[in-house]
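Could you build the full structure based on these sequences and the hints that come with them?
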Amino acid sequence: MSTPAARAAEERAPTAGRLHLTLFINGASPASARSMQRLRDLCDRHCPSAYELEIVDIYQQPELVVSRGVLAVPTLIKELPLPVQVLIGDFTDEQRVLATLGLPAAETTEV
Amino acid sequence: MGRVLTKTHVKSPDEAPRVQLAKTATGIHGFDEITDGGLPTARPSLVCGPPGTGKSIFAMQFLVNGATRFAEPGVFLTFEESADELVANVRSLGFDIDGLTRDGRLLVDALPLEPQSVQTGEFNLEALIVRLAWAVEQIGAKRVAIDNVEALFIAFDRPALVRSELRRLFRWLKDHDLTTVITAERGEDMLTRHGMEEYLSDCVVLLDHRVVHDVATRRMRVLKYRGSTHGRNEYPFLIGADGFEVLPITSIGLKQPVSSERVSTGVAGLDEMLGGEGVFRGSGVMISGTSGTGKTTIASCFADAACRRGESVLYFSFEESQAEIERNMASVGLDLAQWVEQGLLHFHCERPTTRGLEDHLALMQKLTQEFAPTLVVIDPVSSLARGATPFDVSSMLLRQIYYLKSTGITALMTVLNEEGGLEQPIQSISSLVDTWLHVITMETFEERNRALYVRKARGMAHSNQIREFLLSDDGVSLVPVFVGAKGVLTGSARLAAESAERATSLELTEESEELARALERRRDTVESHVAEIRTDFAAEESLTQRLIETSQLRQEAVRLDRLEQARRRTAIPAEDEK
Chain A
1 MSTPAARAAE
11 ERAPTAGRLH
21 LTLFINGASP
31 ASARSMQRLR
41 DLCDRHCPSA
51 YELEIVDIYQ
61 QPELVVSRGV
71 LAVPTLIKEL
81 PLPVQVLIGD
91 FTDEQRVLAT
101 LGLPAAETTE
111 V
Chain B
112 MGRVLTKTHV
122 KSPDEAPRVQ
132 LAKTATGIHG
142 FDEITDGGLP
152 TARPSLVCGP
162 PGTGKSIFAM
172 QFLVNGATRF
182 AEPGVFLTFE
192 ESADELVANV
202 RSLGFDIDGL
212 TRDGRLLVDA
222 LPLEPQSVQT
232 GEFNLEALIV
242 RLAWAVEQIG
252 AKRVAIDNVE
262 ALFIAFDRPA
272 LVRSELRRLF
282 RWLKDHDLTT
292 VITAERGEDM
302 LTRHGMEEYL
312 SDCVVLLDHR
322 VVHDVATRRM
332 RVLKYRGSTH
342 GRNEYPFLIG
352 ADGFEVLPIT
362 SIGLKQPVSS
372 ERVSTGVAGL
382 DEMLGGEGVF
392 RGSGVMISGT
402 SGTGKTTIAS
412 CFADAACRRG
422 ESVLYFSFEE
432 SQAEIERNMA
442 SVGLDLAQWV
452 EQGLLHFHCE
462 RPTTRGLEDH
472 LALMQKLTQE
482 FAPTLVVIDP
492 VSSLARGATP
502 FDVSSMLLRQ
512 IYYLKSTGIT
522 ALMTVLNEEG
532 GLEQPIQSIS
542 SLVDTWLHVI
552 TMETFEERNR
562 ALYVRKARGM
572 AHSNQIREFL
582 LSDDGVSLVP
592 VFVGAKGVLT
602 GSARLAAESA
612 ERATSLELTE
622 ESEELARALE
632 RRRDTVESHV
642 AEIRTDFAAE
652 ESLTQRLIET
662 SQLRQEAVRL
672 DRLEQARRRT
682 AIPAEDEK
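Residue numbers (the numbering used here), protein chains in the order written: chain A, 1 to 111; chain B, 112 to 689.
Don't take every hint at face value.
Stated by the list, open to error - Partner residues aside, some chain B positions facing chain A, computed with beta carbon under 8 Å:
1) D209
2) T212
3) R213
4) D220
5) L222
6) Q230
7) G232
8) N235
9) L236
10) A238
11) L239
12) V241
13) W245
14) Y513
15) E557
Claimed, not checked - Derived lysine to any residue pairs resembling SDA-like cross-links, with alpha carbons at most 25 Å apart:
16) B/K285 - A/Q61
17) B/K285 - A/L53
18) B/K285 - A/Y59
19) B/K285 - B/G306
20) B/K335 - B/E309
21) B/K285 - A/Q60
22) B/K285 - A/N26
23) B/K285 - A/M36
24) B/K285 - A/A28
25) B/K285 - A/G69
26) B/K477 - B/T518
27) B/K285 - A/V66
I should point out that these hints are in silico values taken from the structure, not numbers from a laboratory. Predicted model only: the values in this text are computed from it and were never measured. Here a beta-carbon is modelled for each residue, glycine too, at the ideal position from N, C-alpha and C.
Following this line, the structure appears as structure tokens:
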């Protein structure tokens with residue numbers, strides 16, 4: 001599942017080392033919804049190009065939970081660019097999120 | 112079925128029936144006996160211990176047995192090893208993980224926890240239940256194993272959070288009637304490193320692994336079992352051919368069938384000492400003695416005799432190689448090689464130090480099952496004891512002997528004991544063996560000679576004699592020792608004494624013959640005297656008789672004369688009288 005913004009970005013820069021993320025959350029939990037929003041905001045503010053974010057509800061797709069070895073909620077997997085990185089937590093530590101995802105600390109202005 | 116109810120032990124009719132606690136059999140040999148049925152059904156049980164004590168194997172075996180023997184599918188959730196490694200590790204124990212997985216009777220969820228995951232804020236472990244629920248649903252699991260929760264603490268480094276999430280998990284497991292084994296590391300001063308025992312108090316099993324003099328012994332203890340009786344002792348266990356096996360010495364039943372059939376020992380004189388028929392089939396026989404007393408030779412005789420009857424023999428040698436034994440026995444006329452060729456005799460020779468005690472015994476059981484012998488020789492059993500504590504050895508051996516006895520296999524053990532008495536472990540085995548032969552050396556007149564006696568022979572008349580045990584080119588034989596005025600004699604002293612005795616008896620014979628002859632002569636003399644006297648007497652008698660007759664005749668004559676004279680004197684008067 002891609003966000004409209006990601007899809008737009010894909011159209012603009014199809015060959016770039018684009019950021020591809022998978023987020024595992026509990027779709028029914030307000031805390032999970034908040035952390036998802038926090039991540040989106042963060043990426044929108046710091047991602048220079050475009051990014052792709054796939055959301056997995058652990059209760060809807062438990063087989064993905066099993067196959068991806070997920071335990072914590074929320075878990076974010078940075079699929080691309082390599083290396084694959086796993087982040088757990090609700091993204092309140094922004095600096096850590098940015099560093100792990102390889103995003104610039106400075107906010108990028110909307111194009 | 113796997114779910115069993117504990118028996119209610121009603122002591123008196125007045126006593127209220129006890130609440131029955133549902134139990135789930137683990138199928139682990141010995142464990143179900145100790146716990147009187149297995150683990151509590153639909154509850155999580157804690158299995159804790161230091162690394163390498165067999166927690167994972169216990170957990171896996173609980174599931175495999177459930178799937179194969181009790182029709183209860185199981186989910187194995189592991190944080191420790193990858194699925195491939197785990198399958199490989201337990202495959203060596205004969206668990207067919209792949210097959211069970213294909214059949215949908217087992218689901219292994221291997222979740223390698225990556226400590227390099229970055230924490231960016233608050234989180235929970237909801238997905239743990241999600242994945243477990245998914246797996247349980249996939250195969251309709253009744254059993255679950257989680258191995259090992261310690262990994263969660265390490266991976267997330269948030270003890271309070273992990274603890275509360277685990278409590279949630281345990282509650283979920285209970286709510287879903289899943290009988291669960293949770294494994295955890297042993298803590299320093301606590302039972303588990305993170306106090307898991309607080310939440311898993313229904314049943315706590317402690318595993319331990321001690322290495323004494325390079326020999327490893329595993330032990331198990333049921334620390335706690337809420338609402339149930341259980342064996343409280345520390346039980347040795349082994350991880351052998353059949354996996355986890357607890358050896359509940361004290362709960363060994365004495366119900367094995369017994370045979371009254373007797374089998375020859377292969378040593379003629381020995382059979383004679385044992386009531387003329389040898390030992391009971393399926394009994395335990397121990398041959399003890401100091402070094403070089405011929406224990407192996409006697410053991411080989413037993414083996415040879417069994418092979419002669421067409422029976423198979425498994426020979427464990429811990430000090431000599433097969434070639435050495437064959438050569439040495441050939442020197443006393445025992446051709447063991449022929450039995451090996453015929454496939455009746457199977458040797459397993461190994462240095463006792465190549466593996467731990469429990470592994471040795473596990474291997475012995477494995478080979479015993481493979482080879483299905485009627486006689487198992489362990490030569491010498493005492494070398495296994497090297498380095499182990501007496502209790503370990505005796506308890507392991509008790510189990511081994513019991514195992515052999517219960518399968519009707521005659522067990523023959525040789526025991527090397529040092530000069531001056533038996534060592535402790537051997538002493539305790541001796542109570543379990545049925546026949547105990549003791550070989551001694553007797554030192555007399557600059558000679559060492561072997562002698563053997565029956566120290567114990569249950570259920571049979573047996574000799575109380577010490578017999579000399581001879582090894583020669585023609586084989587092994589027992590001869591009665593010489594018991595004379597100077598005590599028990601063996602060897603050349605016996606021969607000398609015997610010949611001396613023969614000489615003495617010869618002399619005595621001659622003497623008595625001489626006396627007899629003398630007596631005979633005397634008798635002749637006396638009798639001839641008697642005859643003479645008798646003749647004299649006869650002569651005298653006849654003479655006297657004649658004299659008597661003569662005398663009587665003369666008397667008569669005198670009387671007649673008198674009458675004549677009187678008549679003549681009175682002739683005239685006589686006329687007057689007319």
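These are the hints, each one checked on the structure:
1. The interface hint given for B/D209 is violated, since its Cβ lies 18 Å from the closest Cβ of chain A, which is over the 8 Å cut-off.
2. Violation of the interface hint for B/T212 is found here, the shortest Cβ-Cβ separation to chain A being roughly 14 Å, above the 8 Å cut-off.
3. At about 18 Å, the closest approach between the beta carbon of B/R213 and any beta carbon in chain A exceeds 8 Å, and the interface hint on this residue is violated.
4. Evaluation of the B/D220 hint against chain A yields a held restraint, the C-beta minimum of about 6 Å falling below 8 Å.
5. A cut of 8 Å between beta carbons decides the hint on B/L222: the least distance to chain A is about 5 Å, and the hint holds.
6. At about 5 Å, the closest approach between the beta carbon of B/Q230 and any beta carbon in chain A falls short of 8 Å, and the interface hint on this residue holds.
7. Given the 8 Å rule on beta carbons, the hint for B/G232 holds: about 4 Å separates it from the nearest Cβ of chain A.
8. With a cut of 8 Å, the hint placing B/N235 at the interface with chain A holds, because the nearest CB-to-CB distance is about 6 Å.
9. For the restraint placing B/L236 at the interface with chain A, the shortest Cβ-Cβ distance is roughly 5 Å, inside the 8 Å limit, so the hint holds.
10. Because the smallest distance between the Cβ of B/A238 and any Cβ of chain A comes to about 5 Å, under 8 Å, the interface hint for this residue holds.
11. Because the smallest distance between the Cβ of B/L239 and any Cβ of chain A comes to about 5 Å, under 8 Å, the interface hint for this residue holds.
12. About 5 Å separates the beta-carbon of B/V241 from the nearest beta-carbon of chain A, less than 8 Å, and the hint is met.
13. For B/W245, the shortest C-beta to C-beta distance to chain A is roughly 4 Å, which falls under 8 Å, so the interface hint holds.
14. Look at B/Y513: its Cβ only gets to about 45 Å from chain A, farther than 8 Å, so that hint breaks.
15. Hint status for B/E557 relative to chain A: violated, with the closest Cβ pair at about 80 Å, above 8 Å.
16. Note on B/K285 and A/Q61: the hinted pairing holds, with a Cα-Cα distance of about 24 Å set against a maximum of 25 Å.
17. Between B/K285 and A/L53 the CA atoms are separated by roughly 37 Å; this puts the pair beyond 25 Å, and the hint is violated.
18. About 20 Å separates the Cα atoms of B/K285 and A/Y59, which keeps this hinted pair within 25 Å; it holds.
19. For the proposed pair B/K285 and B/G306, the alpha carbon gap of about 19 Å is at most 25 Å, so the pair holds.
20. Restraint check: the Cα-Cα separation between B/K335 and B/E309 comes to about 12 Å, which is no more than 25 Å; the hinted pair holds.
21. This hinted pair checks out: B/K285 and A/Q60 have alpha carbons roughly 23 Å apart, not beyond 25 Å.
22. Distance check on the hinted pair: B/K285 and A/N26 sit about 23 Å apart at the alpha-carbon level, within 25 Å; holds.
23. At roughly 32 Å between alpha-carbon atoms, B/K285 and A/M36 are farther apart than 25 Å, so this suggested pair is violated.
24. Between the alpha carbons of B/K285 and A/A28 the distance comes to roughly 24 Å, so the proposed pair stays at or under 25 Å and holds.
25. In summary, the hint linking B/K285 to A/G69 is supported, as the alpha carbons are separated by about 24 Å, within the 25 Å threshold.
26. A threshold of 25 Å between alpha carbons decides the hint, and for B/K477 with B/T518 the separation of about 13 Å falls inside it, so the pair holds.
27. Our distance criterion of 25 Å between C-alpha atoms is met by B/K285 and A/V66, whose separation comes to about 22 Å.
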